[in-house]
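J.: So the protein sequences, as listed, match chains G and W. So the mapping is simple: this note's numbering equals the position in the first sequence, first residue as 1, plus 138. So the mapping is simple: this note's numbering equals the position in the second sequence, first residue as 1, plus 138.
It is worth saying that the hints were derived from the structure and are not from the lab. Small disclaimer: the values here were computed from a predicted structure and weren't measured.
Because identical chains share one entry, a pair is satisfied inside a single copy or across any pair of copies.
Pairs of lysine-lysine, DSBU-like flavour, derived with a Cα cap of 30 Å: (1) K490 to K221; (2) K449 to K490; (3) K411 to K490; (4) K169 to K357.
Protein chains: 2
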Amino acid sequence: MRSMRLRAATACFLALTATASCLAAEPVDTKGPIALQSEGSFFIGGTDRHATGLSGLTTGPDVTREGTITTGQMYVQYQVPAKPTHLPVVMIHGGGLSGQAWETTPDGRMGWSEYFLRGGRPVYLVDQAGRARSGFDATQYNTIKLGETAAKDASPILIIGHEFAWTWFRIGPKFGVPYPDTQFPLAAVDEFYKMWIPDLNAALPADNPSYADVAALSKRIGGAVVMGHSESFMFPERAALADASGVKGMISLESGYACATTFTDQQLTSLAKIPLLIVFADHHADAPEPFGSRWTTSMQQCRDFAAAVSKAGGDVTFMHLPELGIHGNTHMFMLDKNNLRIADLVFDWINKHVEHRRK
Amino acid sequence: MRSMRLRAATACFLALTATASCLAAEPVDTKGPIALQSEGSFFIGGTDRHATGLSGLTTGPDVTREGTITTGQMYVQYQVPAKPTHLPVVMIHGGGLSGQAWETTPDGRMGWSEYFLRGGRPVYLVDQAGRARSGFDATQYNTIKLGETAAKDASPILIIGHEFAWTWFRIGPKFGVPYPDTQFPLAAVDEFYKMWIPDLNAALPADNPSYADVAALSKRIGGAVVMGHSESFMFPERAALADASGVKGMISLESGYACATTFTDQQLTSLAKIPLLIVFADHHADAPEPFGSRWTTSMQQCRDFAAAVSKAGGDVTFMHLPELGIHGNTHMFMLDKNNLRIADLVFDWINKHVEHRRK
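Bound-form chain G, shown alone:
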């Protein structure tokens, strides 16, 4: 017998037919087999240029210093359920992470990508341009080795160590000490640390190629709800400002600094045409300095951003999980023990604010 997980609005399940106000009713089968119509991967975007520094070797047969390379492309891994019942979702990971962050949790539970798929949604997991399977422009590091470029001009690489991941991302107030109510799967923290990979975004152009790549992807697949997290919090909005034609909904999760940006009235008017969901988790003010101040400032800036889009006529929802009675979540709440409960809230929002609107 299949185990069914009832979505948050269980009372709604009692209704005999799905109505506009009751789109949250469908349960998600989390145990049975998964039936796929198709799956695979492709790249979107990317530009070619002639480059030096294709090898850092100074002797031997593999000294090859020049050639054409492609950078800025975005790796897209996709799965389409056998019977899609909802809009596709594009999931963009945060800083120091890859598309893997949406897959299985560190303790081996189902991640958001599989849950959304099982919920009838085609899922498009990307690696940000400049990260993981999307590659990065490494030529500067070779030309520095060869003495052709000054070392001090190298782009800095962000590497998130264990101590920072614990405190910055709000597992607890001090490395090794969790918040008493934490939802983080503490026993699997060593697996969590393996997720963190070098972040070379500082080497990208100011107009991050991911914005146009996400816009092009959303358009190519006929429209999608676009979801960003942390470093990519504002990527859905940036993609919409590049080309809104494929962006049907914007979901921005737990920003660092992104909401400090000031948008023009014209930009706000454009963004206001697309439903927007912002989600923040717990313990922002409890984080040790300098993180505590950063988080509280960031969340206030995002509230201001939400208000500005709302004022421009937008359909904006700001979810602060503790205000909904959900406590103890970290910055990485898609990995937390209650990750599917939060996914249910996102499902409901999409149903009510994006898909109902489609009709």
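Start from chain G and add chain W according to the hints.
T.: For chain W alone, kept in the frame of chain G given last:
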């Protein structure tokens, strides 16, 4: 109606029951829905160390230079069919690539990972330790920027440009000119170039962590056929020498230099206990210098290696595709137009040399 692709030994399909000599008979459904028992990802291996150079910044709030990091872990992406009928397969990509190389081809056709999955085999796609979603140790590039390490001591990064990919990997004799019989999907070559990402393997320890990671993975999943390509040609053998308990079959595809290694008699005796398949494609001698000499030398070295394992009592198969009447294949034959035909040969070999042997 579902379209069925018959495997190579179609005559065998006429038999009413699958017999030992007729294990090639099963057709692979390449069009119908895919039914999965489970899917997801995890990391295997990895070691922790205290490191400096976690940031290349010299000012601002994000100057964070020390901490604990994990490196050497291997990202593993897996899918288990609803009804597995064969041993799992571990697929390891080559240099400058990621696990993506086994997925969809540049022109959007089914890659080997989906084909093996549809053939009833649990598939474990990895990103080599030090690549893509497995991350890499980037601290040296930050300490060089900060003047703490000499630039000349940096590990060189291999970046494979378009011109090299075309000639080295035997699409044609000269950049832009294909071999007349090439099986490469030429119209999609721009998508092919997007697959190539920086290769930082020169920064890895001499005892590449991928060897132990692949051995541990194969053991963890209860035994697997392990497949390496190009840079990872000899990874199945290296994994078996690290811990043979999970390595049920070794498949080594298109080596560069790996077969130049000399193994001890004891090592050869160990390797001889596991069935071994080596596959080389076409146009080695036709490649422009210095590649032509390298490929022909490499193939001869691999023939010598195969002979040595065979002499030690091993069950060794050496497939040179042109000798089987299959012409025009590149180094990246898992992406070529006839990629599934070659997969069929691999299926047959596994059936006859690894799985039949199990009974």
